[in-house]
Amino acid sequence: MTKEELKSTLTTLFPEATFEENAFVNLNISSEQILKVCTELKENPMFDFDSLVCLSCVDWKTHFNIVYLLRSRSFKHELVVKAKIDSHENAEIETVRNLWMTAHWHEREAYDFFGVKFLHHPDLRRLFNPDDWDGFPLRKDYMDEVNIVEL
Amino acid sequence: MIDVLETKDTGEFVINVGPQHPSTHGVLHLIITLDGETIKDVDPQLGYIHRSIEKMSEKLSYRQFIYVTSRMDYLSSHINNQACSLAVEQGLGVELPPRAKVIRIMMAELTRLASHCLWYGSTGLDLGAVTPFFFGFRERDEILDIFEDTCGARLTMNYIVPGGVMYDLHPDFQKKVKQFIINFKKNFREYNDLLSGNIIFQNRTKGVGYISPKDVIALGCTGPVARGSGVSCDIRKWYPYEGYENLQFDEILETEGDCFARYMVRLREMEQSIHILEQLVDVIPEGEFQAKTKNVIKLPKGEYYQKVETARGELGVYLISDGTQYPYRVKYRSPNFSNLFAMKTMAVGQKIGDLVSVMAMLDLVIPDIDR
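Protein sequences, first through last, are from chains G and D. Numbering follows the numbering used here, with no gaps: position 146 of the first sequence is 146. For the numbering used here, add 1000 to where a residue sits in the second sequence, where the first one is 1.
By construction, these hints were calculated from the structure, which means they are not laboratory data. Since the structure is predicted, the reported quantities are computational estimates derived from the model, not experimental observations. Honestly, I wouldn't trust all of these hints.
Claimed, not checked - Covered by chain D, according to a simulated footprint, are these stretches of chain G (three or more residues, beta-carbon under 8 Å):
id : segment
1  : 44-53
2  : 56-65
3  : 129-140
To be verified - Below are the DSSO-like pairs computed for lysine-lysine, each with C-alpha atoms no more than 30 Å apart in a straight line:
id : chain 1 : residue 1 : chain 2 : residue 2
4  : D       : K1301     : G       : K76
5  : G       : K140      : D       : K1055
6  : G       : K82       : D       : K1237
7  : D       : K1301     : G       : K140
8  : D       : K1214     : G       : K117
9  : D       : K1344     : D       : K1206
10 : D       : K1055     : G       : K61
11 : G       : K84       : G       : K7
12 : G       : K42       : G       : K117
13 : D       : K1175     : D       : K1186
14 : D       : K1206     : D       : K1351
In this text, a Cβ means the ideal position worked out from N, Cα and C, and glycines have one as well.
Chain G on its own, in the form it takes in the complex (with noise of 0.2 Å):
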């Protein structure tokens, strides 16, 4: 699908969901979706997102946004899914593992640097931090006096 064909398709699907245009085409959703539309992302024959390239997390201060990046093998079509937690303290999330494997280790990273918690994730631990690190190094007010030098 090409992308103008994209967008009009999943604006009739999820009526509720804004979309921006850069070298993609961005979904924005709320948390709460996530697995209902990438349930529909990944099964829907006329999408078949069947690979998730890349799952980061991002910190905008008041909100996580976390993006997912899909691919369609058989379309070759891609697109990205931001999902936007409101909490920043307690930050939760569905899994998406279930769909991708491959999110396993992605969603613990995220955990382990931004303390956003996926839920029913069967193995959330801290990935590259030891399991008795202080914080969640990746968020914009993470302080760490002895381990960042300030240039």
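Using the hints, position chain D against chain G.
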């Protein structure tokens, strides 16, 4: 170092491999559950060489953060630099001079060759043959000499910058590359004679570490690991960048999905890289090697994503700009990260001795996983 951690009531026992085991090629720590000699579970422990490159990049300017990426996948440093430069150029909207594009492709392909040569050598070592190491390093050194002439470094190149490349090519570059192509073609036959046809090597890799195409897609493997299972994923073909669309080369696919298939993919990829170099070495355009860019780069507010094919698979650079001279957030989608995740699928059910084959054919570079 392998030592027994605990013994369970079921007769299974848990051992540690690494973090200082020679076949992990770096500081990777695996906790393995064994039943006799059969692997029941593999749990990689990451982070021994984690430097938080993503956090560091937020404090560095758009020119500086590229240098850090040479330390990620240090065997593909040109390609890492290229990926970041392309992402920054997307934001700048600059058009590269044709000479810069050709130089970049040639450097990327030479890097791929050098990386595969090192992999060939270390694979031999891992599986008990010392000679391939000397063969691989003979070719790799020749490539590193070519790099050293032009950019002064042999490992962390920092040669590709936003807008083009840092310096012009060394006057001997063409001559040396041509000589290298001749030498490589002559020597490449020995690669096959030494390992590919070796019955001991085949027994240790054929049918070992199988992964199905379905699993490859689900687990997000890319690069030779995915192509060894017949899953097409070469970014140079799928989403061409820098003019790969004008070049003649094949995407190598093997369908067996075992260690030997992944081995063959890499060997045959080396031939394709040589083929690309042959097409370019005589037609390097004259002219500028760098487009004009400002000293202080400020990207317009927005998000930029660039994917490239490194020697190990798909590297993605996700860059968020808030309009200042520092990136707001940088995320690297590193190929090894997802490839290592697939190790459990490959290794469970195999013998402990086969774990080394599986690891060798994943071609892991640990700093790329830990970042």
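Evaluated hints:
Judged by the Cβ-Cβ criterion of 8 Å, the segment 44-53 of chain G is covered by chain D as claimed, because 4 of its residues qualify and three suffice. Using a Cβ-Cβ cut-off of 8 Å, 3 residues of the segment 56-65 of chain G lie near chain D, which meets the minimum of three, so the contact claim holds. Only residues whose C-beta sits within less than 8 Å of a C-beta in chain D count toward coverage, and the segment 129-140 of chain G has 4 of them, enough to reach three; the restraint holds. Between K1301 of chain D and K76 of chain G, the direct Cα distance comes to roughly 27 Å. Compliance with the 30 Å bound is thereby established for this hinted pair.
Under the criterion of a C-alpha separation no larger than 30 Å, the hint pairing K140 of chain G with K1055 of chain D is consistent with the structure, at around 9 Å. Distance check on the hinted pair: K82 of chain G and K1237 of chain D sit about 27 Å apart at the alpha-carbon level, within 30 Å; holds. With a C-alpha separation of about 18 Å, the suggested pair K1301 of chain D and K140 of chain G falls inside the 30 Å cut-off, and the hint holds. Distance restraint check for K1214 of chain D and K117 of chain G: the Cα-Cα separation of roughly 28 Å lies within the 30 Å cut-off, and the hinted pair is therefore satisfied.
Distance restraint check for K1344 of chain D and K1206 of chain D: the Cα-Cα separation of roughly 18 Å lies within the 30 Å cut-off, and the hinted pair is therefore satisfied. For a cut-off of 30 Å, the pair hint linking K1055 of chain D to K61 of chain G stands: about 15 Å separates their Cα positions. As the CA atoms of K84 of chain G and K7 of chain G are separated by approximately 19 Å, the hinted pair is consistent with the 30 Å bound. Between K42 of chain G and K117 of chain G the CA atoms are separated by roughly 23 Å; this keeps the pair inside 30 Å, and the hint holds.
This hinted pair checks out: K1175 of chain D and K1186 of chain D have alpha carbons roughly 17 Å apart, not beyond 30 Å. Simply put, K1206 of chain D and K1351 of chain D have alpha-carbon atoms about 14 Å apart, close enough for the 30 Å limit, and the pair holds.
In the structure shown, no violation is registered for any of the earlier numbered hints.
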